Structures are given as structure tokens and as C-alpha cells.
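All chains should be modelled from the sequences, with the hints used to inform the complete structure.
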Amino acid sequence: MSVSLILALGLGVLGYVIAPRRAVAAAGGDARKLAALPRQYGLNTLLAVLVPSFAILIAGSLAGAGLYLGWAILIVAFIGFAGSLFNITPDYRARTHAESWIKLILIAASVIAILTTVGIVFSMVFEARNFFSQYDWKDFFLSAEWSPNFRGNSSLGILPLLWGTLYISFIALIFAVPIGLFAAIYLSEYSSRRMRSIAKPAIEILAGIPTIVYGLFALVTVGPFLRDYFAAPMGFGDSASSVMTAGLVMGVMLIPFVSSLSDDIINAVPQTMRDGSLGLGATKSETIRQVVIPAALPGIVGAILLAASRAIGETMIVVLGAGAAARLSLNPFEAMTTVTVKIVSQLTGDTDFASPETLVAFALGMTLFVITLCLNVLALMIVRKYREQYE
Amino acid sequence: MTHKSLLTADVRTKKRNAAEARFKAYGLGAIVVAMLALALLLTSVVSTGSSAFKQTYATISVPLTEAKLDKSGTRDLAVMKKVTTIGYTRLLRDGIVTAVEELGLETTLSAKDIGKMLSKEAAATVRNRVLANPEIVGTSVEFKLLTNGRIDGYFKGRVTMESAALDGNTSPEELQLAQQLADAGVFVTTFNWAFLTAPDASDQRPEAAGLGVAILGSLYMMIVVLVLALPIGVAASIYLEEFAPKNRWTDVIEVNISNLAAVPSIVYGILGLAIFINFMKFNQSSPMVGGLVLTLMTLPTIIISTRAALKSVPPSIRDAALGVGASKMQSVFHHVLPLAAPGILTGTIIGLAQALGETAPLLLIGMVAFVREYPAAYSADAGLFGEASTALPVQVFNWTQRADPGFVERASGAIITLLIFLLIMNAIAIFLRRKFERRW
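The listed protein sequences derive, respectively, from chains G and A.
The numbering of the first sequence is this note's numbering, which starts it at 1 and goes up by one.
The numbering of the second sequence is this note's numbering, which starts it at 1001 and goes up by one.
Since the hints were derived computationally from the structure, they do not count as laboratory data.
Values in this document were obtained by computation on a predicted structure and should not be read as measured data.
Be a bit skeptical, because a hint or two may be false.
[Said to hold, decoys possible] As a list, the in silico DSSO-like pairs of lysine-lysine whose alpha-carbon atoms are at most 30 Å apart:
#1 1328(A) with 103(G)
#2 200(G) with 1024(A)
#3 1120(A) with 1144(A)
#4 1024(A) with 284(G)
#5 1004(A) with 284(G)
#6 1112(A) with 1082(A)
#7 1246(A) with 103(G)
#8 200(G) with 1311(A)
#9 1112(A) with 1054(A)
#10 1144(A) with 1071(A)
#11 1015(A) with 284(G)
#12 1246(A) with 385(G)
#13 33(G) with 1328(A)
#14 1311(A) with 1246(A)
#15 1311(A) with 103(G)
#16 200(G) with 1435(A)
#17 1311(A) with 385(G)
#18 1435(A) with 1311(A)
#19 284(G) with 1014(A)
So, in C-alpha cells, the structure goes:
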């Protein structure tokens, strides 16, 4: 296969060299009589060979046709080569044809985004269906017990995992939303230009730090600190990994999401509204509370929803900070687990793609995908609608 | 009704002004909290991790006795390979005990405990050197060897006399002897290059664990991501921004891309596992699969920033090109794209930085495996980037799952390395933006 790929490549280059000469020869040696520059003829032939061969290659390897793929590529490449050379006449609009090949490449590239989504949905639906054929969906969605057992007879109820996920996300948002919002208000309404130019990038550094770093921070610093100074003295338990640990650290991670999105939205509120309020004698904080925030509210809600979707899908912080025990409890200093943690633990190590204990990860993934998708779509719709309002 | 001066605030005004000051203080407080969190995060990582870049080595001369290493005396490699590291461990013990005796150091430790002060990795180091050069058997050769993780930790302040007293793996006497050996110049703590180049090591020897394989794996993946994501992302953005008709189909693509940017990263891991590994039969734990998954993940980021860059090129440029007879395609490729290049590059680097730090999807495609062999970029069996490997952030995760406390230091050290790489990439992006950004 790689041999025929190299041959196709060679054919294309050969065409790139030959075609301009053929074109000039067809015009009787006078390049001015051609409908396009000679090199456009070369480009056209090159693309006519390569685009179809690569299309065949990708389609073929996706379909898993290994044996005849090499021949198919060669045949298609040769048809492109001969066809485009045969077409050369002085009137042949080589540039237009070459450009339509390029446009085809551009379209193919933008379709990859669609294919990714299709791939995500397909991969999860396919395996999740396998799971639900072995395990009752009612038990999965409605059971409050999670105890996988690799010898079979597991209880795989999603409720404790969902509870952990939502509890941790809730604590993270309780922490991140006020801080992010107040930071955004201060930066856009109060701070001097100088301070803004320092503080805004500094907060955004938090968004650029990989989540594994936050995870280690939770594991090494925050977890033991909370255990030694809060949980143990107050009698809430002695676990370093807890809902609180993961929630707080995740909250730190979410601050820049909330603040930079809210900052954009607050800045989009027209100045005239502020001026009107200030002109009536309101103080700055009254203006912000009674005019700016209500006007920006839909956008801020959108930002919070996006942050929530982030929190629900976050993996490394909870893997390292929240623990592995599936539990339905209200104590925030107890270790709990989340959907993402269980996806990781069911799919790493020895996996057997016929057992429900492994396949459950795909059902969990699908649930996660659906939840975050709904939040994202809702948030994007709100943000988009709001943007239009003031444009 | 008494009229008061406007210059003296009445109760209500005072209250309102106080509320104003409070509100402002909340805002400032929020920023301070965010900054503190950042500072705490960085100091925590740096303080636990910086010691990973130092390492204590013992310089001792080891008697490579012929009777032990090559009984036949033929220097036949096949025979010599039969002597395992256990055989070498005894020689090392002799070497370090002799060193202690020569220096006249008093200790109550048994020879066995003194020998334990060297890393388990040391025997393997000596064995490899001997097998590579059998001629040195029979002589006494000076080696620079790793010390045990606890001894190493003592010189970095992680292990103290108090903690050693409670630790079954070491004792205060060992630490005292180590201190004496350090004073005599036998134990030296130097910069730890091996941390950046050596492969991972097993559970009992954190002192030997390094990032070599992980850095190589991450590099391979970044190459795959750059080679695939940049052209695909740019091509897709050009189509969407310059050519696509405004219709339902392009709307679908647009909504799709903004959604993909917000899909949890672990979902991409599931995609990689199901499609690339189970369906298309790529090798598990290979940088190729990791690179493909990360490509799909970074594509939306690159597309969004490329489109912003294209959008910022003023329409007059396009009009001028079209006006002198360029085709639409020519106006884009000859004029718009070069002008948008700095913005595209900046977006790509930021996308790559994001991909470099991503962990969760790589866990699912098996990159947590324990890999000691440096992966080759190409091999006949595994194909391009097909050999098992790990990646920097995954190595961090891997080390946090180990029992020995020495690995916490290694994990933090790995994070420092990762953050330095990210810092460099972002600095380049900022530099490019500052240098080439044009305002129209």
C-alpha cells in the first residue's frame, strides 16, 4: 500500500512537470495562447492525481479494505493522470479546474469536524448498546448501588456517580462563580488600565495550567491540608481525598472561565446604559447591581452553564482529588467518586470488551456526553442570542 | 425641615458610600483570592518538585572480581550474562564497605545495611557497564552510582532523622553515615540530568525514574498534532470563513465546531479507544493514536483562532486582489493567508500547548503503561510512531499512583518540566503576536 502511495505521489510530480510542456506544445509553443498559465496545468494534473488517491486511501482504511486498496489507489491515480493530461487544449481552463480541486480539499477538511462528532456518537452508541443488551437499563439509571465485580454479577448503578459529579461541580461553582464574577466586575468597571493589564493575564494563566497540575495540587497540598485542619478536628472523617478537596481545586480552575467570559459580556453592555444610571445619581456599585448585571444576566448565565459543563466533564482533578468510593452521602469531607473517574478506572488496566464491567464505561461516557452537550448547546444559544441583542 | 450643607454627608449617603466601598472591596478581594490560588499552586508544585532536579550520587570504586563475574575467565558474554544483578549487588556492597573503612568512619551498621544505601538500580548500572566492556573485569573501577531514594531524600530535606526512625526502609544510623560520607566527598548531590533523559523505573527505585520516554512520547505526539491539525484546521477555516455559502449546512458545521470545543476531553479518549484502537487496529499506547486523538481535540481551538485571524484581515485587501484580476482562491492564498499567518501561528501554538498538557484521553488509549524502552519514531513492525510510549502528563499521573513517597517529588518535578515547556510555547506565541500583529 505504501508502495502504491509513493507511486501515486511520483505520478503526480511527473504530471506537474509534464503537463505545462504539453500545454505549451498544444498551443504551438506560444504560452500566450493558453487559457491559463502553464504551471496551472501542472497544478491541475498534480491535484487530479493526488486528491482522488488520498480520498480512496482514507475511505479505504476507514472501511478496513486492506488488500485491494493499493491497486485501487494506483488505478485512481492513473485515471487522474491520464484524464487531466488528455484534457489539455489551449482553451482548457486549468486554473478554474485546479481551484475546484483545492476547494474540494477545503470542504473535506471542514467535514472532519462533523466526522468527529459522528465518530464520538457512533463509538459510544455502538458499545453502549452492547452494554444494555447485557445489563438492564433500568438498573443502570435507577440503581443506587455501584459495585463492579470482575467475576460478574456486578451492580452498576449510575446514581452514586452522578451524585458525586454534581456535588463536586456544585461546590466548585459555589467557589468559582462569585470570585470569577466579582473579579470580572472589578476588572471591567473599577480597575486602572495598568492593573487590568497585569491581573487579567495572571488570572488567565490559571486557565492555561493543565488539569493534571491541579490534580497533583489537590492530592499533595489541598487534600492533606483540609484533612488535618478541617475534617479531622471537626470530626467529619479522615480522608484526604474528598468532595471538598476536588471541589475547591476545581473551583480555582473554573475562576478564569467565569471571569473572562463574564468580562466580555459586561464589556458588551453599552456605555449609554451606565451613563444614564450614573446621571440619575446612582453610585457606581448601584449602577452595576441594578443596571449592568441585569442587562448582562443572560450572558452570565451562559458563562456559568459553560463552567458547569466543564466541571462535570473534568477528569484529572477528580481522579486525584475525589477518591474512588461510590457513595451517596452529604458529608463534603468524605471521598466520593464521579462518572469520569469510573470511566477511567473501568477502561484502564486489563479490559475485556465483552464484559458489562468494561462496557459500562461507554454507557457512562454517553450519559456524560449527553449532559455536557445539553449544557453547551443551551449556553451557546443564550450567549449568542444575548450578543445579538446589543449589536 | 432643616437644610444641611451638601458638603456633610447625611446618614443615607454615608450608607450608600459604605456600600460602594464594600462592593469595590469584594471585587478586589476576588482578584486577590485568584492570585493567591495561583501563587499557592505554583509554590506548592515548585517546592515539592524542584528537588527532583538534584540527585545524590556515590562515587566508589568497585572491585570487579573475576571469580564472581566471569568464573570461566573467557570473557564470553553469554556466560557473563548469567550473573544477575544480585551478584553485582554483593560487589557493590564490598566497594562501599571498603570506602567506609578506608575513611575510618565509625558505624554500628552491618555490611548489609551499608550496601542498602546504594540504589537497587546501581547494580544494573555496573552490570551494563561490565557487559558493554568485559575487559574491565578483574580490575577495580570507580563508578558514579545512584544512592537509595531515602538517602537521596535526606540530602534534599525530604527524609529527616525523625521520619527515618519510623521508616522500615532506613534508619537514623544510615543517615548519619550518609552525612559522614557526604562530608568526606563520597556522596555528592549534583544536578540531575538523568531525570530528563532516563526512562521510568520500577516501584522500589524512585531515585532512578526519569522522563526520557515521556518527553520523547510527547514530542512524537506534538509532531503528529502539528502535521495534521495545522493544515486541516487552516483548510477548514478558510472554507468556512471565505467560501462557505450561508446556509443550513454551514450552520450545522459551525455549531458543531463550537460544541466540539466544549466536549469533555475524556470523551475524545473513548473515541480514540473505540475507533482508532478497537476498530482501526492501531497499536495501543502508541504516540500515533495519542497524536490522532489530540489532533481531533485541538482542531476546534485551531479553527476558532484561525477564523478570527482571517476575519481580522480587512476586506479591502481581498477587494484589491480581486480588482486586479485575481481569482477568489488566489486572493485568499496570495494575500489574506500570509497576512493572517501570525494570528494562525499563535492560535496553533496555544492549541499545541493545550494538547501537551492533556491527560485524560491518553489514559484511555493505554499510555499509562510502564515503558522502559525508548520508542523509535519508525519501526518495521509498529510503523510510524507505533511503538509503546508514555507522555509527560500521563507520567505524572502514573507516579502519583505509586506508593513510595519519592515519587511525589518526581511527579512534581515532571510538572515543573511540563510547565516550563508550556511557558516556552506561550512565550513564543506572545512574542509572535507582539512582533507581527497588525492593526488595520
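Hints versus structure:
1. With a CA separation close to 11 Å, the supplied pair residue 1328(A) and residue 103(G) stays within the 30 Å bound.
2. The straight-line distance between the Cα atoms of residue 200(G) and residue 1024(A) is roughly 17 Å, inside the 30 Å bound, and the hint therefore holds.
3. Only pairs whose Cα atoms come within 30 Å are accepted, and residue 1120(A) paired with residue 1144(A) is accepted, the gap being roughly 14 Å.
4. A C-alpha spacing of about 9 Å is found between residue 1024(A) and residue 284(G), which places the hinted pair at or below 30 Å, so the restraint holds.
5. Taking the CA atoms of residue 1004(A) and residue 284(G), the gap is near 24 Å; set against the 30 Å cutoff, the hint holds.
6. Taken as a hint, the residue 1112(A) and residue 1082(A) pair is honoured in the structure, with Cα atoms around 23 Å apart against an allowance of 30 Å.
7. With a CA separation close to 16 Å, the supplied pair residue 1246(A) and residue 103(G) stays within the 30 Å bound.
8. At roughly 24 Å between alpha-carbon atoms, residue 200(G) and residue 1311(A) fall within 30 Å of each other, so this suggested pair holds.
9. Pair hint residue 1112(A) plus residue 1054(A) holds up; C-alpha atoms about 26 Å apart against a cutoff of 30 Å.
10. The straight-line distance between the Cα atoms of residue 1144(A) and residue 1071(A) is roughly 26 Å, inside the 30 Å bound, and the hint therefore holds.
11. Between the alpha carbons of residue 1015(A) and residue 284(G) the distance comes to roughly 14 Å, so the proposed pair stays at or under 30 Å and holds.
12. For a cut-off of 30 Å, the pair hint linking residue 1246(A) to residue 385(G) stands: about 18 Å separates their Cα positions.
13. Using a Cα cut-off of 30 Å, the hinted pair residue 33(G) and residue 1328(A) holds, with the two alpha carbons roughly 23 Å apart.
14. The hinted pair formed by residue 1311(A) and residue 1246(A) meets the criterion: a straight-line CA distance of about 16 Å does not exceed 30 Å.
15. Simply put, residue 1311(A) and residue 103(G) have alpha-carbon atoms about 19 Å apart, close enough for the 30 Å limit, and the pair holds.
16. Between residue 200(G) and residue 1435(A), the direct Cα distance comes to roughly 21 Å. Compliance with the 30 Å bound is thereby established for this hinted pair.
17. Taking the CA atoms of residue 1311(A) and residue 385(G), the gap is near 21 Å; set against the 30 Å cutoff, the hint holds.
18. About 19 Å separates the Cα atoms of residue 1435(A) and residue 1311(A), which keeps this hinted pair within 30 Å; it holds.
19. A threshold of 30 Å between alpha carbons decides the hint, and for residue 284(G) with residue 1014(A) the separation of about 14 Å falls inside it, so the pair holds.
Every hint from the earlier list agrees with this structure, and none is contradicted.
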